[in-house]
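Enquirer: Based on the provided sequences and hints, a complete structural model is requested.
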Amino acid sequence: NAGVMQNPRHLVRRRGQEARLRCSPMKGHSHVYWYRQLPEEGLKFMVYLQKENIIDESGMPKERFSAEFPKEGPSILRIQQVVRGDSAAYFCASSRNGRGQETQYFGPGTRLLVL
Amino acid sequence: KNEVEQSPQNLTAQEGEFITINCSYSVGISALHWLQQHPGGGIVSLFMLSSGKKKHGRLIATINIQEKHSSLHITASHPRDSAVYICAVRSGDTDKLIFGTGTRLQVFP
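The listed protein sequences correspond, in order, to chains A and B. When we follow our numbering, the leftmost residue of the first sequence carries the number -8, and every step to the right adds one. When we follow our numbering, the leftmost residue of the second sequence carries the number 4, and every step to the right adds one.
Don't read these hints as lab results, they were simulated from the structure. Glycine residues also receive a C-beta, built at the ideal position from the N, C-alpha and C atoms. Keep in mind that a hint or two might mislead.
[Unchecked claim] Below, a list of computed lysine-lysine pairs in the DSSO-like style, where the Cα atoms sit at most 30 Å apart:
(1) Lys35(A) to Lys57(B)
(2) Lys35(A) to Lys99(B)
(3) Lys56(B) to Lys18(A)
(4) Lys18(A) to Lys35(A)
(5) Lys99(B) to Lys57(B)
(6) Lys42(A) to Lys53(A)
(7) Lys71(B) to Lys35(A)
(8) Lys58(B) to Lys42(A)
(9) Lys53(A) to Lys99(B)
(10) Lys99(B) to Lys62(A)
(11) Lys58(B) to Lys71(B)
(12) Lys58(B) to Lys35(A)
(13) Lys57(B) to Lys18(A)
(14) Lys99(B) to Lys18(A)
[What the hints assert, rightly or not] Every beta carbon over 10 Å from chain A, so not counted as near; a handful from chain B, in silico:
(15) Ser10
(16) Glu20
(17) Ile22
(18) Thr23
(19) Val30
(20) Glu70
(21) Ser74
(22) Asp84
(23) Ser85
(24) Ala91
(25) Ile101
[Claimed, not checked] Just a sample of chain A residues kept apart from chain B, beta carbon distances all over 10 Å, derived:
(26) Leu34
(27) Lys35
(28) Gly64
Expert: Written out as structure tokens, the structure is:
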């Protein structure tokens, strides 16, 4: 049973380009969470999605960032017109159900570097 | 003040020592997680607990709901335990995790 998969593992973009980060949850998991870890800072919640629905996007920056989790395929975190401050590690986690006592399983992360 | 506070921020130990990392939180929670992150690496979930105590190998996690406090203990520490240990709580009324800033542990041989 493969774990949570994220790709790419490393992504380099120039300012103004778009970054697309993918997350495939564990088999049987329909809940996906995205977290961001800025350099030398702790992890911060960004968005929580269930298949085809955004449940909680309270941690998402108001502009340039969007997320989706379509019926088929991976969850996508999209950052438009990237800036240097977007450089960070982006982690995805998944759980089977979105209930309070479900373990979240983390992916290996995507390290984004904006030049 | 952060909703989740960890102490100490940095910790060094000699191989074989008993280690304790503390986590205090100020919000109502449905569960608390202990996570491990190696440098440049991914995040591994060590424990999820909502009451009492859990043990896995040399790792023990405890939680006191009334005092809003949890501890992670490592017995007979080993250099491979060197990592950042992160406490995270699941807020009682949402499903998102709120993270502490982590404790960086280095165990020397």
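Enquirer: Over 10 Å to the closest beta carbon of chain A is the bar; see if Glu20(B) clears it.
Expert: holds (25 Å)
Enquirer: Tell me if the straight-line CA distance from Lys58(B) to Lys35(A) falls inside 30 Å.
Expert: holds (27 Å)
Enquirer: Under the criterion that the straight-line Cα-Cα distance not exceed 30 Å, is the pair Lys58(B), Lys71(B) satisfied?
Expert: Cα-Cα ~20 Å, so holds.
Enquirer: Does Lys57(B) sit within 30 Å of Lys99(B), going by the straight-line distance between their CA atoms?
Expert: holds (22 Å)
Enquirer: Run the C-beta distances from Gly64(A) to all of chain B and say if the shortest one exceeds 10 Å.
Expert: The assertion about Gly64(A) holds, with a minimum of 22 Å to chain B.
Enquirer: Is it correct that the beta-carbon of Ile22(B) has no partner in chain A closer than or equal to 10 Å?
Expert: holds (20 Å)
Enquirer: Are all C-beta atoms of chain A more than 10 Å from that of Ser74(B)?
Expert: holds (19 Å)
Enquirer: Take a quick look at Lys35(A) and tell me if its Cβ sits farther than 10 Å from every Cβ on chain B, holds or violated.
Expert: Contrary to the label, Lys35(A) does not stay out of reach of chain B, its closest Cβ about 7 Å off (not over 10 Å).
Enquirer: Non-interface claim for Ala91(B): all C-beta distances to chain A beyond 10 Å?
Expert: Per Cβ check, Ala91(B) is inside 10 Å of chain A; nearest 7 Å; violated.
Enquirer: Given the proposed pairing of Lys57(B) with Lys18(A), does the C-alpha separation stay at or below 30 Å?
Expert: Holds, at roughly 26 Å.
Enquirer: Given the hinted pair Lys42(A) and Lys53(A), is their alpha-carbon gap at most 30 Å?
Expert: Holds, because 22 Å separates the two Cα atoms, which is no more than 30 Å.
Enquirer: If we take the beta carbon of Thr23(B), is the closest beta carbon in chain A still more than 10 Å away?
Expert: holds (20 Å)
Violation of the numbered hints given earlier is confined to hints 8, 24, 25, 26 and 27; the remaining hints are satisfied by the structure.
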